[in-house]
Amino acid sequence: MKTILIENKGAARCDELITAALDLTPATQEVLEKEHMRIAVRNEFDLIYREIGVTNLTDFMELIENFEKLGFINELEASQLPPQQYDAIFSPGPIH
Numbered sequence: 001m002k003t004i005l006i007e008n009k010g011a012a013r014c015d016e017l018i019t020a021a022l023d024l025t026p027a028t029q030e031v032l033e034k035e036h037m038r039i040a041v042r043n044e045f046d047l048i049y050r051e052i053g054v055t056n057l058t059d060f061m062e063l064i065e066n067f068e069k070l071g072f073i074n075e076l077e078a079s080q081l082p083p084q085q086y087d088a089i090f091s092p093g094p095i096h
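Residue 4 in my numbering sits at position 4 of the sequence shown, with consecutive numbering throughout.
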């Protein structure tokens with residue numbers, strides 16, 4: 001899974017928890033845009049500060065499972081609308 005930090009957004013306080021739990025490889029925006037599915041992560045200020053790209057459905061499902069284990073909430077899980085820019089957007093849950 002490839003990832004970028006978005007400039008000037010400020011990482012979440014629990015970002016070290018995320019990077020420790022997930023197998024993330026730093027990438028460029030150009031590389032990330034070529035990935036099949038894209039996931040966003042919000043910080044405590046409701047700003048998207050990290051993007052993650054995955055190539056296949058297995059990695060995507062694993063990523064969702066890991067974020068849920070960490071207590072994050074997928075904002076798009078209950079949405080009836082088709083995904084736009086992101087296939088999932090994770091926000092820190094109440095335990096963060």
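Treat the hints with care, as some may be off.
Pairs of lysine to aspartate or glutamate residues, derived as EDC-like cross-links and limited to a Cα-Cα distance of at most 20 Å, are as follows [unchecked claim]:
(1) K69 / E33
(2) K2 / E68
(3) K9 / E44
(4) K9 / D59
(5) K69 / E44
(6) K69 / D59
Between beta-carbon pairs, the in silico distance windows are [as the list claims (entries may be wrong)]:
(7) N8 / L57: 28 to 38 Å
(8) N8 / T58: 29 to 39 Å
(9) N8 / N56: 17 to 27 Å
(10) G93 / G10: 14 to 24 Å
(11) E68 / E16: 15 to 25 Å
(12) G71 / I48: 25 to 35 Å
(13) K69 / A11: 26 to 36 Å
(14) I73 / G10: 11 to 21 Å
(15) A21 / N56: 18 to 28 Å
(16) G93 / E30: 30 to 40 Å
(17) A20 / E44: 12 to 22 Å
(18) E30 / G71: 24 to 34 Å
(19) E75 / A21: 11 to 21 Å
(20) L76 / E33: 16 to 26 Å
Hint data in this document are derived by calculation from the structure and do not stem from the laboratory.
Note that CB positions come from ideal geometry on N, CA and C, so glycine has one too.
Okay, the hints, checked on the actual structure:
1. With a C-alpha separation of about 26 Å, the suggested pairing of K69 with E33 is violated against the 20 Å cut-off.
2. With a C-alpha separation of about 19 Å, the suggested pair K2 and E68 falls inside the 20 Å cut-off, and the hint holds.
3. At roughly 11 Å between alpha-carbon atoms, K9 and E44 fall within 20 Å of each other, so this suggested pair holds.
4. At most 20 Å may separate the alpha-carbon atoms for a hinted pair to count; K9 and D59 exceed this at roughly 26 Å.
5. Using a Cα cut-off of 20 Å, the hinted pair K69 and E44 holds, with the two alpha carbons roughly 18 Å apart.
6. Between K69 and D59 the CA atoms are separated by roughly 15 Å; this keeps the pair inside 20 Å, and the hint holds.
7. Between N8 and L57 the Cβ separation comes to about 32 Å, which falls inside the hinted range of 28 to 38 Å.
8. Here the CB-CB span from N8 to T58 is close to 33 Å, well matched to the stated 29 to 39 Å.
9. Between N8 and N56 the C-beta distance comes to about 31 Å, which lies outside the given range of 17 to 27 Å.
10. For the pair G93 and G10, the beta carbons lie near 19 Å from each other, so the given range of 14 to 24 Å is met.
11. Range check, E68 to E16: Cβ separation about 18 Å, and the 15 to 25 Å hint holds.
12. With their beta carbons about 18 Å apart, G71 and I48 fall outside the hinted range of 25 to 35 Å.
13. In this structure, K69 and A11 break the distance hint of 26 to 36 Å, their C-beta atoms being roughly 20 Å apart.
14. For I73 paired with G10, a C-beta distance near 19 Å keeps the hint of 11 to 21 Å intact.
15. Separated by about 19 Å at the C-beta atoms, A21 and N56 satisfy the suggested range of 18 to 28 Å.
16. Taking the beta carbon of each, G93 and E30 are about 32 Å apart, inside 30 to 40 Å as hinted.
17. Remark: the range hint 12 to 22 Å for A20 to E44 is upheld by a beta-carbon distance near 18 Å.
18. Between E30 and G71 the beta carbons are some 32 Å apart, a value that agrees with the proposed interval 24 to 34 Å.
19. A hinted range of 11 to 21 Å holds for the C-beta pair E75 and A21, which are about 19 Å apart.
20. Evaluation of the 16 to 26 Å hint for L76 and E33 yields a pass: the beta carbon distance comes to about 19 Å.
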